[in-house]
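Modelling step: build the complete structure from the supplied sequences, incorporating the hints.
Order-wise, the sequence lines are chains U and S. Counting in the working numbering, the first sequence runs from 1 upward without gaps. Counting in the working numbering, the second sequence runs from 1 upward without gaps.
None of these hints come from the bench; they were simulated from the model. Heads up, some of the hints might be wrong.
[Claimed, not checked] Under 10 Å between C-beta atoms, here's a sample of chain U residues computed to sit facing chain S: (1) Q71; (2) M90; (3) A100; (4) V104; (5) A139; (6) R141; (7) R143; (8) R169; (9) L170; (10) P171; (11) E175; (12) P184.
[What the hints assert, rightly or not] Now the in silico label distances, taken between C-beta atoms and shown as ranges: (13) U:I98 to S:G412: 39 to 49 Å; (14) S:G412 to U:T157: 44 to 54 Å; (15) U:A121 to S:S294: 44 to 54 Å; (16) U:A172 to S:E507: 52 to 62 Å; (17) U:I98 to S:A377: 39 to 49 Å; (18) U:P68 to S:P302: 26 to 36 Å.
Just so it is clear, CB atoms sit at the ideal spot from N, CA and C, and this is done for glycine as well.
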Amino acid sequence: MEEERLALPARLWLALILPFRVLFDAALAARIEGLDRPPSPSLPAPAPEPARQEVKAEVVEGPPEPTPALQLLAILQREGRFVDFLQEDMSGFADADIGAAARVVHEGCTRGLKDVLELAAIRTEAEGAAVELAAGYDATRTRVTGNVTGEPPFRGTLAHHGWRVESIRLPALSEGHDPLIIAPAEVEL
Amino acid sequence: MTFTVGIDLGTTNCALSYAGDDQAAPVALPIPQVVAPGEVAERTLMPSFLYVPAEAQFPPGSLALSWYPNARDVVGVLARSQGASTPGRLVSSAKSWLSYAGVDRRGEILPWEAPEGVPRLSPLEATARYLGHLRAAWEHAHPDHPLAEQDVVLTVPASFDAVARELTQEAALLAGFDEPPRLLEEPQAAMYAWLSERGDGWRDEVEVGDVILVVDIGGGTTDFSLIAVREDEGVLQLERVAVGDHILLGGDNMDLALAHTVRMHLEAEGTTLDDWQLRGLTHGCRTAKEALLSEDAPASHPLAIASRGSRLVGGTLRTELRREQLEAVLLDGFFPEVEVSARPAAPRRMGLTTLGLPYPADAGITRHLAAFLGRSAPVGDERSFVHPTAVLFNGGVTRSPLVRERIVGILGQWLEAEGGAAPKVLTGIDAELAVSHGAAYYARARRDGGVRIRGGTAQAYYVGIERNELAVPGIPPRVDAVCVAPFGMEEGSEVVLPQAFGLVVGEPVSFRFFGSSSRRDDAVGSATPPGPLTELAPIETTLEGPPGQVVHVRVHARVTEVGTLELSAVEAGAERRWKLSFDVRGQE
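This is the structure we're talking about:
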């Protein structure tokens, strides 16, 4: 790989400011000091945590394909007028009116969601109950907050039981389907 | 490996269940269907609706299924939802039309009252479309097990007469079934589902002498049957002893009745609803009904009716359905507390009626039940009606404990008045999938040997014969109905009418044809006035031969292995045999 080379004016400017930054920025100084040494492959890699072993740490290149997200949005709109609700200006409406609309949204979206995915609580204990997290607990499923010190096991109270999608079945899409159309305009003849 | 497959071809929903070689309980097949333009998803129920879109109403290819790439119409979820806002292009209740003798069932009449220019199809073709979809869904999921090689059982209402049963078979052939599938009555299928659920333990829950009343209240129809528990050489046997009439009343009528009640309240307060809002209200009432009919139900259930435009918060109407409203409309309207001597109001004969499905004039299901039990009582019995000792509920509405309690409570009062004990309730079946599960279980019981419900044909059948008497101008000759096939004929059995007829060869001949589900004691050849019988489609045939010749024939009636009635004319003393077919072009 060809290294990037700096033009002369940039090199002059760098030569001017670098002594001062090396003097005051210890972290930068350490990085510059390492530049002269070849990268050291002999450094032992830190042993991965047992719980993390199953997780595939892949760096996602760019944003994910948007179709499934748009599809879910279309389902929530179709069944429960979700987009209509979010896009509407709520100011000026009484809570009772908003409540009535919320019933439409709640009932329809629950139905729509149930058709495509199955949700379950991650922790089965009641919220507020005392829980203990053993060493090697899965940090993606459980997040600790508050007075986090020392090593697991941690003791605390369950603030939120969490949600996990157990299964997901989005409808298959036909060829030529435009996922950007969340709801077509309707014209009554 | 061969599967046994049960198909519930319902008035409002279809389902398909199957079971393998092991003794595991039947399971439902997820049925792929278009749920929105361009989206295909699987559901265990397929709404029995067919929508015929206008040209370019949906983007090209958006109704396509893997087995129907150039779809011109759509069945299932999308058909139902799209049809709700475009009723002129929606085919619904095809099954009720298929069993209605008042119209030409092979004629292109659906959607009923469709505007000009909408392509139409016949009740037969619509039924074939639903069956064809189910067959394709099966073969999509089981490409190595074509449906033709499985043991398939198709359910029909117990009240379906011989003509409707034959048309159902014909629809199956039209849908690409190689052979007509075996037919099973829906209430019997529900009973089989219960037997499947109980396993061998069912014998501990019923005893000899028990009479089980099956109450099947679906989306669009209500069906009753009585199944007696008997003993044969020390083994408990089940026998279906009576079936009710075809009543076009179900859960959908209840939702609509509730919606109209709420609408009238809103209108009294000065709020009018458009069609779109009324549909939303009907939907809301269904949810409210289920909530208010559950145990520990609240005093009222809120209803929110959204407007059609994108303004949701400003445009949503708020109201509620109160429990006393529900009880007045639903329990008192559909399940009124009546005496066992009560009978449904007779339909009013008006000079001008719009042709359409024969909806009952009386919505009181308990009155229909009283009539059914009353007429099923054996002649000479001191009891005024058949005393059921157990009840099995099936159908969506009966999931509600309040509805079940109401029916059992009324039955209990009737029984108590005649010294009987309150009936027990047989539980444990899935009210939505019991019929298809039961049909798959029955197919396996037939194949592998298991408990079977006996009963034979559910109706007695008659042909109309003109009396040979002096003709009086202006008065049609009187007609006797002569029994050709008695009640309870088993599959594979055949009877011969003792009377011989002279039939003219070479020109079409036609008989009037009648059925009765209440006359269980008429023997072959016995004559009765046709008054109390139900007139079915006429029988017609053309006997080939030299025109003008008269041959003497006897009428044979045979119940086929798959459960249809076959009538034929057999030349006396000769071998010639003509099949007599039903003329389903409809009556004037």
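Quick rundown of the hints versus the structure:
no.	hint	in the structure
1	Q71	7 Å, holds
2	M90	6 Å, holds
3	A100	4 Å, holds
4	V104	5 Å, holds
5	A139	35 Å, violated
6	R141	29 Å, violated
7	R143	33 Å, violated
8	R169	7 Å, holds
9	L170	8 Å, holds
10	P171	4 Å, holds
11	E175	6 Å, holds
12	P184	8 Å, holds
13	U:I98 to S:G412: 39 to 49 Å	48 Å, holds
14	S:G412 to U:T157: 44 to 54 Å	52 Å, holds
15	U:A121 to S:S294: 44 to 54 Å	24 Å, violated
16	U:A172 to S:E507: 52 to 62 Å	57 Å, holds
17	U:I98 to S:A377: 39 to 49 Å	59 Å, violated
18	U:P68 to S:P302: 26 to 36 Å	33 Å, holds
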